Each structure stands twice: as structure tokens, then as C-alpha cells.
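*Asks:* What follows is the residue order along each chain.
Number of protein chains: 2
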Amino acid sequence: MPELRQDPLSGRWVIVAENRAARPDQFAARSETVVDVCPFCPGHEDLTPKASAVYSGDSSIDWQVRVVPNKYPAVELNASGDRGEAAIGVHEVIIESPAHVASLTEVSATEAQLTFVAYRDRLQTLSKDKRLAYGLVFKNARADGGASLEHTHSQLIATSTIPADVQYELAKAGEHQMLHGNCAFCDLIDGELDGDRHVFETDSFAVFCPFSSRFPYEMWVLPKEHCESFETTTDSKLAELAELMQKLIRGLEDILDAPAYNYWIRNAPFRLSAHDDFHWRIELTPRMTRLAGFELGAGCFINPVGPEHAAAELRSAIARVV
Amino acid sequence: MPELRQDPLSGRWVIVAENRAARPDQFAARSETVVDVCPFCPGHEDLTPKASAVYSGDSSIDWQVRVVPNKYPAVELNASGDRGEAAIGVHEVIIESPAHVASLTEVSATEAQLTFVAYRDRLQTLSKDKRLAYGLVFKNARADGGASLEHTHSQLIATSTIPADVQYELAKAGEHQMLHGNCAFCDLIDGELDGDRHVFETDSFAVFCPFSSRFPYEMWVLPKEHCESFETTTDSKLAELAELMQKLIRGLEDILDAPAYNYWIRNAPFRLSAHDDFHWRIELTPRMTRLAGFELGAGCFINPVGPEHAAAELRSAIARVV
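Residue numbers (our numbering), protein chains in the order written: chain A, 13 to 334; chain B, 13 to 334.
Just so you know, these hints were derived from the structure itself, not from any lab. Please read these numbers as outputs of a predicted model, since none were measured by experiment. Misleading hints may appear alongside valid ones.
[Claimed, not checked] Quick list of in silico lysine to aspartate or glutamate cross-link-like pairs, EDC-like style, CA-CA up to 16 Å:
1) Lys142(A) x Glu88(A)
2) Lys236(B) x Glu265(B)
3) Lys184(A) x Asp288(A)
4) Lys184(B) x Asp19(A)
5) Lys83(A) x Asp58(A)
6) Lys184(A) x Asp19(B)
[To be verified] Listing some non-contacts, in silico: residues in chain A with all C-beta distances to chain B over 10 Å:
7) Gln18
8) Leu59
9) Arg262
10) Asn274
11) Ala331
Don't be surprised by glycine CBs; every beta carbon is placed ideally from N, CA and C.
Generate coordinates for the entire structure from the input sequences, incorporating the hints supplied.
*Replies:* And the structure:
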């Protein structure tokens, strides 16, 4: 049973999930489980737990996007703590296409769009469960991005607690609101839209490399109009977002050779109180640098590519691939 | 010039050090610099900056351990901030042996001992520089551990600011002292010495897997006797510690095949104020899991091997290799 444990001196949280040691890993030499059939490919649906949701934009295809419970969950609704707290939650996998490809850029526009619809729908559904307080959607692409299976997929981990980082940010956003009378993120977008860290924009979304980028080519994607929770996003905006994300990742893949990457949605908690303020965003980053002794020992990142230079390169790359 | 940048909402610190993009990387396919001679091997001393210190236990050998300024520093004493703060500091490399080997377990007992003497001496020297507030010694071994050169080496980054994580821990240790009248770490050792997370002990040091281990087989090494700063450690205790560290890493190398690993010294700041309390430790961990979307998005780790099981495996492994 997975457990939540907190270090009393650092405040750091860890999920101890021993069942995950058994999961197959196509990339790791250390894996004890050989994967010769892809459990995410059509025809192998029996290798995953029963789907929580399926999506298809074409009535002749069973599914284009398929959401299934994670077979090796980091959290469980019926978890019970042994030495730590019970790690209560839901862990799902969003399979982004029937095609066995490694990146969101290789799925069709419809599949990308349905993937983002699935993110929203699952967050909406899980947000109604009173046992759950937060839902994190994230994607690990390629081995250095932390993927253990190649077939393009995302994950959703919903937990009964709000991550400490999100709580901290909520408090800081609240302070900004009190001091300036504005949303901290709306102000951030205003400051970045014309600056040298600006990367791209669409009707509804702004993209820039943040001032304190942890990673080379890290990008943040925010809705220009104030919006607290990702799960309130309309179908048409999700289509715009899916197209934008494919474009940004194509830009990364133009600069770097088949880069490992991650993205995750920094969303509001499921039930914001009346005085809370938030503004969701996606953080997208290729994984070129390794988090090593300095990062772990000091809790500080070293980024060898300044965000101003990264943004300039990304603007050119995106112009080339569009 | 390297800069320190802080994200206003997360409080997260980043060093933007663009000069580091130019450094050679023997492991990364993306490296633009081909390394055909090892700059850390004897005879190639001219490929590194002039040594800050050299050590030899044998008068017929020029050096067994060699400390040099990092050619691609993440911090510099003469840094000036452009958009962020200046990232002021000193970045050194400790070459642990003339032999071109990849792990601390492959150097001689004398070389290991002199490596730990070098850590202490350099921290002692740098602690006298009023511009510097903290010194972090860390080791990245093998590619997944973040090493860019194979030849076994450690690093020391001294900074003009105390890392936020260390400040937080200092405050928590102070609270514990106020509430319980004891050092938080002395109490921690007492609680772990007889428990099922206990791994090993010597006359002066205790080793256990911490309750909220972030990584499989993570170990903490602490002096049993209360001791605030690593740089006050005597030669004889450093010899005991070096032998212990080689033993622990041999244990890891018995369980795992040539594992990438990191260790770092969580030390007190250079100048503790009268009411501060600390107790240094080494954190040692192999790098089997990847920090990916969930860890980055939630600030929470997922550990598939519980520390109680890890400690049992480590006890057996260390008994085998001793």
C-alpha cells in the first residue's frame, strides 16, 4: 500500500509505493520485466485495467484516446498507512493515440485535441470526489523524461492533499492580490508579452520562457484571460491549446534531436476557497540537464541557457516548423 | 557572468550560468566538444586551471588528490548581475585519484582519505572568506548521476548566500532544540540506531536509510557525537569516514550494476550565530529513478523501494563486501 511520508526537518514529501518497483521499463537496463508487446497498442487492451474513458473523433475507430487506471499506481483510493500516512488518490494513464509513437508531435491533430479534452474531463470528474483535493496532469516523454513505456501517454495523479509547492504558490498569489489588487499571473503575462523572453502567442494563450527558468528552453503556457482552473476550459480553447502544444514541442524537436521532455499542468486545487486566487498554466521543458548533487544538496538549479537566449532560439525554431 | 534568479511565486532559486553550456560532456550525445584526452589524468594538468591544493601520501608521486578551479564555473567571485543578482562564489573540482576510474570504490584507501581531507581543508579555507556564506561539497558519479567527465571527482560550490533548504532546516532544528532541549539530529540518530532502517555503524558514524527516503537505497551518514560543521573533523575521523563511504558504495555496487550515484555534505553555514544549532551529515544515493513530471510538478518524490527494505538489503550487501 502506498504511503505518504514527510521529512520533519525539510518538510519534503515522499510517496513510498513499493508496488511500482514491479512495473515494466522498456528503457532501463535494470528492469526485470521484459516488455515485448506494448500494452498501449490497439489489440492489447486486455493488458491494461478497464478504461475509465475512451474518446474517438471517428466512428469507425474504437478509440483515439484511452484513459485507464495505472496498473502500478503511486496512490490508491483504498490505501492505508503502515508507518506513514495513507497515500490516498487516483492514478490514471492517458494513452494519446492508437499509434505507437514517442511524442505528442506524432499524433494527429484530433488525437492531440482529444488528449486535452480527456485531461479536462478526468479532472472535472475527479474534482467531484470529496476525498480528492488536487489533480496533477503530467507527461513524461522519452527515457530521460522518465517514461517507462515508449508509446505516447500522459498521466494524472489526484491526491487527497494539496502539494506543498501549490499551497506555497497559492499563498504568494494571495499576497500579490492583496498588495496590488491584481492576479499575480495576469501581471506576469503583461510583463512578458512584449519582452525578450516572449516565445509565441495565440488568441487565447501566451507562451514565454520564465525569468528563473530551471531548465534550458523551459516554457510556460498561460491562458491570457484570467482563469483559475484548467477543468473549466472550453472545447474550442482546448483545440487551440493542443495545436499550440504540438507547435511548441515541434520547435523543441527542431532545436534538439528527439529530446526527452516533460510537461505538467500547474492547476488550482479542486475546491478553491472564496479568498483564494489562482491562474492555471502548463510548464513544458526538454530534459537536457541532469538534476545531480548540487541541485539535490542545495535545492537550487543550474541552467546553462539563459531564458532570453532560449526564447530567441525558440521563436526562430517555431517560425521554421509552422 | 553567472546570475542568481529567484522565482517570486515559488521562492525557487536558479543559477543561470551560460558559460557552462560550453563544457565538455563525455556522456551526452548532444555535446559539441569531443573529449579525447581526460583533463583529470596525470600529464594533462595544463588542461585544467592551476591547482588550489594538491595532496600526496607518497613522496614519489606528484599528487594523489588534486583540487582545481572549475573551468566552467556555476558561480564566480567577480560575478556581476545583469538581470538577476550576481552569482558570487567559488566552484572547485576535487580530482580523487590519478587513476582514470569511475567510482570512489576504485581509488586507494589513501586517495579516499585524502579526498575527504581535501573537502575539509577547502571548506576551512573558503569559510574564512567573508564574501562566502555556505560551501556545498558534492559528488556526481557516472552519467545518470550527472557527471560530465568519467574520471572520479567531486565538486565544491561555495556561495555568498545560504541555500533556502539549509535555512529552512536550520529554523526547524532551532525549533526542535527549543521544544525538546536536544539537537534534532542527535535525537534522530538515537531513534534510528536500533531500528529497521539502520544500515551500519562505526565508532564515530551512524548510517541509516531515512524515514522519508526520496530514492531507493538513499542513506544518511552522521557523526554520532554532536558536531555542527564538517570542517572541524579530525584527520583520524576523516580516515574512518572515507573507509566507511567506500564500504557503503561497495554495498550499493553489490546490489546494483555499476550504479550512478550522488553524495553531498549537508553542512552548517560558514558562520553560525550563537543561537543556531546544526549537525552535519552526508546524504548518499544511487540514481535509479528519474525526477520527472510528477516530481517537478508536485514537488513530491515517488520512491518504489521502502527504506526499511532498502536497509535490510544494504545490511546484507555490506556484510558480503566487507
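*Asks:* Check each numbered hint against the structure and report the violated ones by number, ascending.
*Replies:* 2, 7 and 10
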